[in-house]
Amino acid sequence: MGNATRPKLAVWKFASCDGCQLSLLDCEDELLQLADKMDIAYFMEASSQPVEGPYDLSLVEGSITTAEDERRIREVRAQSRALVTIGACATAGGIQALRNFADVEEFTSIVYAHPETIATLKTSTPISAHVPVDFELQGCPINKRQLLEVISAFLYRRPPQVPPHSVCIECKIRGNVCVWVAHGTPCMGPVTHAGCGALCPTYNRGCYACYGPKENPNTESLCHWWKTELGADKATVVENLRNFNAAAPAFETASRREEQDNGEK
Amino acid sequence: MAKSKTIKVDYLARVEGEGALYIRYDDGGVHDVKLKIFEPPRFFEGFMRGRDYLEAPDITARICGICPVAYQMSALHAMEDALGLVPTPELSALRRLIYCGEWIESHTLHIYMLHAPDFLGYPSAVAMAKDHPKIVQVGLQIKKAGNAIVKLLGGREIHPINVRVGGFYRVPAASELKPLREQLLQARDMAAETVRWAASLPFPKFERSAEDQYEFVALSHSQEYPMNKGRIASTRGLDIPVSEYDSHFREEHVEYTNALHSVLVERGAYFVGPMARYNLNYDRLSPLVRQTAEDIGFPPFCANPFQSIVVRSLEVLYAFDEALRIIDGYQQPQEPYLNTEPRASTGCAATEAPRGLLYHRYSIDERGKITDAKIVPPTSQNQKTIEDDLRHMLPKFLHLPEDKLQAQCEQAIRNYDPCISCSTHFLQLHLERSGRVGQ
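Residue numbers (this note's numbering), protein chains in the order written: chain A, 1 to 265; chain B, 1 to 439.
One or more of the hints may lead you astray.
From the derived model, a few chain B residues whose C-beta atoms are all more than 10 Å from chain A [unchecked claim]:
| no. | residue |
| --- | --- |
| 1 | Lys3 |
| 2 | His159 |
| 3 | Glu207 |
| 4 | Pro299 |
| 5 | Thr340 |
| 6 | His399 |
If you only want the chain A side, here are some residues facing chain B, beta carbon under 7 Å, derived [said to hold, decoys possible]:
| no. | residue |
| --- | --- |
| 7 | Thr5 |
| 8 | Gly19 |
| 9 | Leu22 |
| 10 | Asp26 |
| 11 | Glu28 |
| 12 | Ile40 |
| 13 | Ser47 |
| 14 | Val51 |
| 15 | Thr66 |
| 16 | Phe135 |
| 17 | Leu155 |
| 18 | Leu199 |
| 19 | Cys200 |
| 20 | Arg205 |
| 21 | Asn218 |
Everything labelled a hint here was simulated from the structure, so no lab data went into it.
Ideal Cβ placement from N, Cα and C applies to all residues, glycine included.
Make the full structure from the sequences, and use the hints.
Dropping the structure here:
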């Protein structure tokens, strides 16, 4: 039954892999329940019948990489009462922000036969660089439990419970042996935002920071330890800071600092 | 003179990613068909240069959230080809198992949430669930079972973290796989039901003329229904090792869309995906799947793309059968992965993503840093065939009212389950609005 009082949900996509909005469709046990509570008004991946705005809650996936998208995100903001960004692309520019550290024209000529026809910005930036954002949910991809938490928090008008601590805390909660201490495996866990449930250490590999920086990460200390204790060279340290969340301010600053560092440490 | 008309869909729904459709036609025929993909480029092949070879599966997974396992599989096999690593049968079986999981969840997403609403006249699965709650719930349960496989082996459903060049970071004990069994058995029954349901949908009649048949292209293997291994074969006699891909397939710059279309050298458009796999490898399907196809009178060769939903559901049933077979015969590998040192080399591989052949080629230097990457996703290979379908189909449907005609065109595109997120790393922004044709 169409119910005008149900909050209207919109899901938007910018440059991205679709994985974060897929997290919503992957809520196999909760999707229909959610559709009862909210009117899924705009979700092009799922529906060919968009309902016009304004929307009560907009979930935004993807980063801004074209002039047209710069314009479009302002339109989305204007139509949205609350705007929540989901995933590493929307919160930190995503893997495509690697262009921010390189020459985009060169990238274009590597990939395209006729680079002159490619309309793209020289940067990939998070949504918050363009419009005010009400909440940012990190992760590449986001965790669907956290997504449901953010949506229910919105429905019940309370702040979302998404802890800002590091992956290390999640490792302790799971009872994992520390892969760094026990096996000397390089791990980004100490500076990485929780949310995945410390997956990589659970599967015997070091965290590769796909959830982006935790609150107040001590990247300087981490880089120091990677180099002195694990014997990582500078290029490896920079590479690990520059992946799916390369343009997150904490990681970007750290990677630029490492690049300029003349190796005194 | 007949006034020319246009069909414009500014934003295609129920496909993965952002695309648009433009068709110009009049009583004299169809003059212009453009499937446009306006999702911005993301430059994977550019920024992979200089990255470590071990990162290739993690990075390329991010091309697509719908089929990350496919990217990981093609990347792994290409790197292993470069380094001369041959995975053990035990490791290969585990890779096949995680691929089964992805086929199930990705195909089921398409069958129930993206494609079925077309046949039943709904804008979305959520809307469809109001009248057909059982159907949608069954779809969600099947999908969940596929995701359970990917989650167990990969750590999570989207962008799994556990696959590695040479093998896996961690391999499960047999006791960890066993609890899946019950869930998969139940879901297999639902998948068999899905085949019967899909076959009962109303299909538009659409067959190409004898002189304009599709060339279906898929991997083909003497023992296996193809996933990670095989030669590249076609219904017109192509039969080559994957290492010869670059000399038989070419990406073309098509001026009117500024998009690269993949073509078979000297022959043009071809068709990859579930229908190609099925048509070329029917004999390698499990007895249960062939029996099910026979029971519903579905032929071993299918050339109506609207029936791809039936083929997909047969592949889902196969993937459950195969997953159960692998779990029942599972031997835990001695080592989770084969170790090696990088060396300057080039390697390539093609695997069968849910949407079809996915080709990767890499060169690495002696430190294992990537110096060159080439990735050809299935959607780019099907683009030309999709446009050809629209060109062929339209004259037959011109009597329909315009909204029905447009819906028919959109459905024809969804037959291919095009994944635009995958294909856009080499497609240009090309946005079109009413009254203004973008260039």
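Results for each hint:
The claim that B:Lys3 is not at the interface with chain A holds, since no C-beta of that chain comes within 10 Å of its own (minimum 27 Å). Non-interface call for B:His159 relative to chain A: violated, since the shortest CB-CB distance, roughly 6 Å, does not exceed 10 Å. Listed as a non-interface residue, B:Glu207 keeps its Cβ farther than 10 Å from every Cβ of chain A; the least gap is roughly 26 Å. Non-interface call for B:Pro299 relative to chain A: holds, since the shortest CB-CB distance, roughly 30 Å, exceeds 10 Å.
Residue-level check passed: B:Thr340 sits 17 Å from the nearest beta carbon of chain A, beyond 10 Å. Distance to chain A confirms B:His399 as a non-interface residue, since its nearest Cβ pair spans about 22 Å, more than 10 Å. For A:Thr5, the interface hint is violated, since its Cβ never comes within 7 Å of a Cβ in chain B; the closest pair sits about 18 Å apart. Contact between A:Gly19 and chain B, as hinted, is supported at the beta carbon level, the nearest pair being about 2 Å apart and thus within 7 Å.
Interface hint status for A:Leu22: upheld, as the beta-carbon distance to the closest one in chain B is roughly 5 Å, under 7 Å. Nearest Cβ of chain B to the Cβ of A:Asp26: about 6 Å, under the 7 Å cut. The hint holds. Taken as an interface hint, A:Glu28 checks out: its beta carbon lies about 4 Å from the nearest beta carbon of chain B, inside 7 Å. Satisfaction of the interface hint for A:Ile40 is found here, the shortest Cβ-Cβ separation to chain B being roughly 6 Å, below the 7 Å cut-off.
At a threshold of 7 Å, the smallest CB-CB gap from A:Ser47 to chain B is about 3 Å, leaving the interface hint in force. A distance limit of 7 Å between C-beta atoms decides the matter here; for A:Val51 the minimum to chain B is near 10 Å, and the interface restraint is violated. Nearest Cβ of chain B to the Cβ of A:Thr66: about 5 Å, under the 7 Å cut. The hint holds. The criterion of a C-beta within 7 Å of any C-beta in chain B is not met by A:Phe135, whose closest approach is roughly 20 Å, and the hint is violated.
A cut of 7 Å between beta carbons decides the hint on A:Leu155: the least distance to chain B is about 17 Å, and the hint is violated. Satisfaction of the interface hint for A:Leu199 is found here, the shortest Cβ-Cβ separation to chain B being roughly 4 Å, below the 7 Å cut-off. The beta carbon of A:Cys200 is positioned within 7 Å of a beta carbon in chain B (closest approach about 5 Å), and the interface hint is therefore held. With its C-beta approaching chain B no nearer than about 4 Å, A:Arg205 sits inside the 7 Å limit, and its interface hint holds.
Here the hint on A:Asn218 is broken, as its CB sits about 24 Å from the closest CB of chain B, past 7 Å.
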